[in-house]
Amino acid sequence: NAGVTQTPKFQVLKTGQSMTLQCAQDMNHNSMYWYRQDPGMGLRLIYYSASEGTTDKGEVPNGYNVSRLNKREFSLRLESAAPSQTSVYFCASEAGTTYEQYFGPGTRLTVT
Amino acid sequence: RKEVEQDPGPFNVPEGATVAFNCTYSNSASQSFFWYRQDCRKEPKLLMSVYSSGNEDGRFTAQLNRASQYISLLIRDSKLSDSATYLCVVNTDSWGKLQFGAGTQVVVTP
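Residue numbers (this note's numbering), protein chains in the order written: chain A, 1 to 112; chain B, 1 to 110.
If you are wondering where the hints come from, they were derived from the structure by calculation, not from laboratory data.
Beta carbons: idealized from backbone N, C-alpha and C, even for Gly.
Among the hints, a few may not be true.
[Unchecked claim] Under 7 Å between C-beta atoms, here's a sample of chain B residues computed to sit facing chain A: (1) A29; (2) S32; (3) C40; (4) G58.
[Unchecked claim] Result set (DSS-like, lysine-lysine): computed pairs, CA atoms no more than 25 Å apart in a straight line: (5) B:K97 to A:K57; (6) B:K42 to B:K97; (7) B:K2 to A:K57; (8) B:K45 to B:K97; (9) B:K45 to A:K9; (10) B:K79 to B:K42; (11) A:K71 to A:K57; (12) A:K9 to B:K42; (13) A:K71 to A:K9; (14) A:K57 to A:K9; (15) A:K71 to B:K97; (16) B:K79 to B:K45; (17) A:K57 to B:K45; (18) B:K2 to B:K45; (19) B:K45 to A:K71; (20) B:K79 to B:K2; (21) B:K2 to B:K42.
Turn these sequences into a full structure, and let the hints guide you.
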């Protein structure tokens, strides 16, 4: 039982490049989330998915898109990376009954 | 004003001592409250939920004060392994969207 997994762990992009961050969970959770964490700030919600087939914007969605591929997988895409998107990205899942979220190990992204 | 505010610390605590810190939240409609722990360069992990009557989990005690809109975490008999950043987390939605504080850093010293 791996919990929540994320790939890649590290990535360096040049401004304007695109990439997709992958997330998968094996806990049969309905809800999944993408956050970013910047120094001195709390985690900020980018997008979330309440269930397979649905996605909604969070607090900071600009510059990102998501896909809930199936119940297990929730990907985050940066279409044209900008230096302001340099951050640590966490994926999380939640059963939907207790609001307790379980996080993946994170992706450290640097955009130059 | 941030929805969830925490003293960033660091709180430097001798091993074996007690440390306590608070977190304030701005939305009086907030429903669920949590403390998460985050080690350096790692993912946040749920430490404990915070219940209205207060609750304890081993050396950790969490309290909720709805009137003054704050929650607290107390760590007794601090261990070196308690060194971490503690995130205050509040659910203000009927759904699952959480608001995270920026964290309070605790450093336990020998």
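Okay, the hints, checked on the actual structure:
Interface restraint check for B:A29: the shortest CB-CB distance to chain A comes to about 14 Å, outside 7 Å, so the restraint is violated. Interface restraint check: B:S32 against chain A, minimum CB-CB distance 5 Å, threshold 7 Å, status holds. For B:C40, the shortest C-beta to C-beta distance to chain A is roughly 12 Å, which exceeds 7 Å, and the interface hint is violated. Look at B:G58: its Cβ only gets to about 18 Å from chain A, farther than 7 Å, so that hint breaks.
Only pairs whose Cα atoms come within 25 Å are accepted, and B:K97 paired with A:K57 is accepted, the gap being roughly 11 Å. Proposed proximity of B:K42 and B:K97 is supported: the alpha carbons are some 21 Å apart, at most 25 Å. Only pairs whose Cα atoms come within 25 Å are accepted, and B:K2 paired with A:K57 is accepted, the gap being roughly 19 Å. Straight-line distance between C-alpha atoms of B:K45 and B:K97 comes to about 16 Å, which keeps the hinted pair within the 25 Å bound.
For the hint linking B:K45 to A:K9, the alpha-carbon distance of about 18 Å falls within 25 Å, and the restraint holds. Annotation: proposed proximity of B:K79 to B:K42 holds, straight-line Cα distance about 19 Å (limit 25 Å). Using a Cα cut-off of 25 Å, the hinted pair A:K71 and A:K57 holds, with the two alpha carbons roughly 18 Å apart. For a cut-off of 25 Å, the pair hint linking A:K9 to B:K42 stands: about 11 Å separates their Cα positions.
Only pairs whose Cα atoms come within 25 Å are accepted, and A:K71 paired with A:K9 is accepted, the gap being roughly 22 Å. For the hint pairing A:K57 with A:K9, the CA-to-CA distance comes to about 24 Å; that is within 25 Å, so the pair holds. Annotation: proposed proximity of A:K71 to B:K97 holds, straight-line Cα distance about 18 Å (limit 25 Å). A C-alpha spacing of about 18 Å is found between B:K79 and B:K45, which places the hinted pair at or below 25 Å, so the restraint holds.
The hinted pair formed by A:K57 and B:K45 meets the criterion: a straight-line CA distance of about 24 Å does not exceed 25 Å. Straight-line distance between C-alpha atoms of B:K2 and B:K45 comes to about 22 Å, which keeps the hinted pair within the 25 Å bound. Restraint check: the Cα-Cα separation between B:K45 and A:K71 comes to about 22 Å, which is no more than 25 Å; the hinted pair holds. Restraint check for B:K79 and B:K2: not satisfied, since their Cα atoms lie roughly 31 Å apart, outside the 25 Å limit.
For the hint linking B:K2 to B:K42, the alpha-carbon distance of about 24 Å falls within 25 Å, and the restraint holds.
When held up to the earlier numbered hints, the structure conflicts with 1, 3, 4 and 20 and fits the remainder.
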